[in-house]
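J.: Residue strings, one per chain:
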Amino acid sequence: MSEQATITTNSEITETPNAPVSHEATLFAEPLGHIGSLTVTNSLLASWISVVILVIFLLSVGKKVKKVPRGIQNIFEIILEKALELADSVTGSRKKSEKFLPISLALFLFIFVNNWMGLLPGMGTIGFNEVEGGHKLFIPLFRGGTADINTTLALALFAVVASHIAGVLTVGAWNYFNKFVNIKLLLEIPGKIRKDFTIVLVNPIKIFVGLVEIISEFAKMASLTFRLFGNIFAGEVLLASMMALFAYILPLPFMFLEMIVGIIQALIFSILAMVYMTIATEEHEH
Amino acid sequence: MDMTMLAKALAIGIGSIAPAFAIGKIGAKAMESIGRNPECAEKILLPMLLAAAFAEAVAIYALVIAFSIK
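Protein chains in written order, with our numbering: chain A, 536 to 821; chain B, 10 to 79.
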């Protein structure tokens with residue numbers, strides 16, 4: 536990754552005058568240590584911190600839930616109502632919204648807190664130096680949680696597998712399996728061939744479409760992963776470049792851009808998860 | 010001859026032509042429909058943002074490739 540944007544600071548040079556420390560924006564998160572055989576990276580640390588923040592915040596609301604809301608409970612009731620309305624416009628029925636909202640809202644809150652935490656001062660700047668391959672490298676202690684492909688891949692897998700499980704639970708395993716590998720239509724051909732001759736031409740096409748849908752499942756996973764990762768990572772690199780250019784007023788509009796992008800990407804991820812779950816649980820379409 | 014820099018530049022350069030065009034068209038259609046029906050401005054905003062984010066994702070794929078070319 537030596538071609539990446541290298542930003543060298545003066546303070547490091549005065550400490551060890553012979554060795555300039557290179558600050559590089561790496562595609563993969565830097566490892567900080569190991570717990571057993573699990574590599575703890577700086578993005579993982581930031582994700583843990585955001586989970587702690589969310590748990591503390593939500594527990595403090597959930598403990599004292601009153602019939603007549605006051606204070607913070609008001610905010611959460613507003614959030615929940617707006618989220619249910621948005622979910623209704625996506626799924627079309629209140630019953631389905633209530634079933635799918637926990638997963639979508641959890642995804643939204645997690646991704647939202649992670650995206651905005653990557654913008655706080657101290658993320659990417661507080662760290663330590665490590666000697667690697669003959670020259671000193673600066674390793675930041677924190678890095679935005681969603682700026683790591685592992686996190687976004689895990690979230691995308693979770694969303695897609697949740698849609699499959701929701702489909703199997705709703706329409707039954709045989710029906711759901713036939714959405715992809717359409718054995719039902721194959722068995723129908725000899726039975727209906729007298730009534731309607733065109734079924735020999737139409738059904739193989741439908742079977743082929745079902746097989747292509749398997750490929751589109753993988754495309755869903757890839758697109759969810761790279762959309763979230765690319766937006767947040769590119770935002771980090773952009774902010775670092777702007778600050779290297781002129782650190783005082785220039786990064787301000789880009790900070791606003793990153794805040795907006797953080798909200799929008801979290802919203803899109805959770806809405807897409809809900810859309811996939813809705814499509815998977817659709818009953819018979821003729 | 011080391012073409013890495015050229016490859017990176019071409020990847021992101023060519024890869025962002027079509028998404029920029031697409032987002033422009035989405036915005037233009039949204040403006041047009043708001044002009045025809047000014048009351049529905051908030052209702053149009055959310056689907057427009059959704060469609061714009063989808064179109065932008067393709068440019069982001071190109072950017073990730075540009076970053077990962079060594």
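The hints are simulated quantities; they were obtained by calculation from the structure and are not laboratory data. None of these values were measured; they are calculated from a predicted model. Some hints here could point you the wrong way.
Said to hold, decoys possible - If you want the ones that stay clear, here's a sample from chain B, every Cβ over 12 Å from chain A, calculated:
1. Met10
2. Ile23
3. Ala29
4. Lys52
5. Pro56
6. Leu72
7. Ser77
8. Lys79
Claimed, not checked - Result set (DSSO-like, lysine-lysine): computed pairs, CA atoms no more than 27 Å apart in a straight line:
9. A:Lys617 to A:Lys671
10. A:Lys617 to A:Lys602
11. A:Lys631 to A:Lys730
12. A:Lys730 to A:Lys630
13. A:Lys617 to A:Lys634
14. A:Lys634 to A:Lys714
15. A:Lys727 to A:Lys755
16. A:Lys671 to A:Lys714
17. A:Lys617 to A:Lys630
18. A:Lys617 to B:Lys52
19. A:Lys730 to B:Lys79
20. A:Lys755 to A:Lys714
21. B:Lys17 to B:Lys38
22. A:Lys630 to A:Lys671
23. B:Lys52 to A:Lys630
24. B:Lys79 to A:Lys671
25. B:Lys52 to A:Lys634
26. A:Lys719 to A:Lys671
27. B:Lys34 to A:Lys631
28. A:Lys741 to A:Lys730
29. A:Lys755 to B:Lys17
Using N, Cα and C, we set each Cβ at its ideal position, and we do this for glycine too.
J.: Now tell me if each hint is right for this structure.
T.: Hints, verified against the model:
With a minimum CB-CB distance of about 16 Å to chain A, Met10 (chain B) clears the 12 Å threshold, and the non-interface call stands. Distance check for Ile23 (chain B) against chain A: the nearest CB is about 17 Å away, which clears 12 Å, and the non-interface claim stands. For Ala29 (chain B), the non-interface assignment is confirmed: its Cβ lies about 15 Å from the closest Cβ of chain A, beyond the 12 Å cut-off. Listed as outside the interface, Lys52 (chain B) is inconsistent with that label: its C-beta sits roughly 10 Å from the nearest C-beta of chain A, within the 12 Å cut-off.
At roughly 10 Å, the least C-beta separation between Pro56 (chain B) and chain A is not larger than 12 Å, which violates its mark as non-interface. Residue placement check: Leu72 (chain B) does not keep its beta carbon more than 12 Å from all beta carbons of chain A (closest about 5 Å). A Cβ of chain A approaches the Cβ of Ser77 (chain B) within 12 Å, the least distance being about 6 Å, so the stated non-interface status is violated. Chain A draws Lys79 (chain B) into its interface by the beta-carbon criterion, the shortest separation being 7 Å against a cut-off of 12 Å.
Between Lys617 (chain A) and Lys671 (chain A) the alpha-carbon distance is near 50 Å, which puts this suggested pair outside the 27 Å criterion. With a C-alpha separation of about 19 Å, the suggested pairing of Lys617 (chain A) with Lys602 (chain A) holds against the 27 Å cut-off. With a C-alpha separation of about 38 Å, the suggested pairing of Lys631 (chain A) with Lys730 (chain A) is violated against the 27 Å cut-off. Under the criterion of a C-alpha separation no larger than 27 Å, the hint pairing Lys730 (chain A) with Lys630 (chain A) is inconsistent with the structure, at around 39 Å.
A hinted pair counts as satisfied when its Cα atoms are at most 27 Å apart, and Lys617 (chain A) with Lys634 (chain A) qualifies at roughly 16 Å. Pair hint Lys634 (chain A) plus Lys714 (chain A) holds up; C-alpha atoms about 22 Å apart against a cutoff of 27 Å. Under the criterion of a C-alpha separation no larger than 27 Å, the hint pairing Lys727 (chain A) with Lys755 (chain A) is inconsistent with the structure, at around 35 Å. As the CA atoms of Lys671 (chain A) and Lys714 (chain A) are separated by approximately 55 Å, the hinted pair breaks the 27 Å bound.
Proximity of Lys617 (chain A) to Lys630 (chain A) is assessed by CA-CA distance (about 16 Å); at most 27 Å being required, the pair is judged to hold. For the proposed pair Lys617 (chain A) and Lys52 (chain B), the alpha carbon gap of about 14 Å is at most 27 Å, so the pair holds. Pair hint Lys730 (chain A) plus Lys79 (chain B) does not hold up; C-alpha atoms about 62 Å apart against a cutoff of 27 Å. For the suggested pair Lys755 (chain A) and Lys714 (chain A), the alpha carbons sit about 16 Å apart, so the restraint of at most 27 Å is met.
Under the criterion of a C-alpha separation no larger than 27 Å, the hint pairing Lys17 (chain B) with Lys38 (chain B) is inconsistent with the structure, at around 33 Å. At roughly 57 Å between alpha-carbon atoms, Lys630 (chain A) and Lys671 (chain A) are farther apart than 27 Å, so this suggested pair is violated. At roughly 23 Å between alpha-carbon atoms, Lys52 (chain B) and Lys630 (chain A) fall within 27 Å of each other, so this suggested pair holds. For the suggested pair Lys79 (chain B) and Lys671 (chain A), the alpha carbons sit about 20 Å apart, so the restraint of at most 27 Å is met.
A distance of roughly 25 Å separates the Cα atoms of Lys52 (chain B) and Lys634 (chain A); the hinted pair therefore holds under the 27 Å criterion. The suggested pairing of Lys719 (chain A) with Lys671 (chain A) is violated, with an alpha-carbon distance near 63 Å, which exceeds 27 Å. With a C-alpha separation of about 34 Å, the suggested pairing of Lys34 (chain B) with Lys631 (chain A) is violated against the 27 Å cut-off. Between Lys741 (chain A) and Lys730 (chain A) the CA atoms are separated by roughly 19 Å; this keeps the pair inside 27 Å, and the hint holds.
A hinted pair counts as satisfied when its Cα atoms are at most 27 Å apart, and Lys755 (chain A) with Lys17 (chain B) qualifies at roughly 26 Å.
Checked against the numbered hints given earlier, this structure breaks hints 4, 5, 6, 7, 8, 9, 11, 12, 15, 16, 19, 21, 22, 26, 27; the rest are met.
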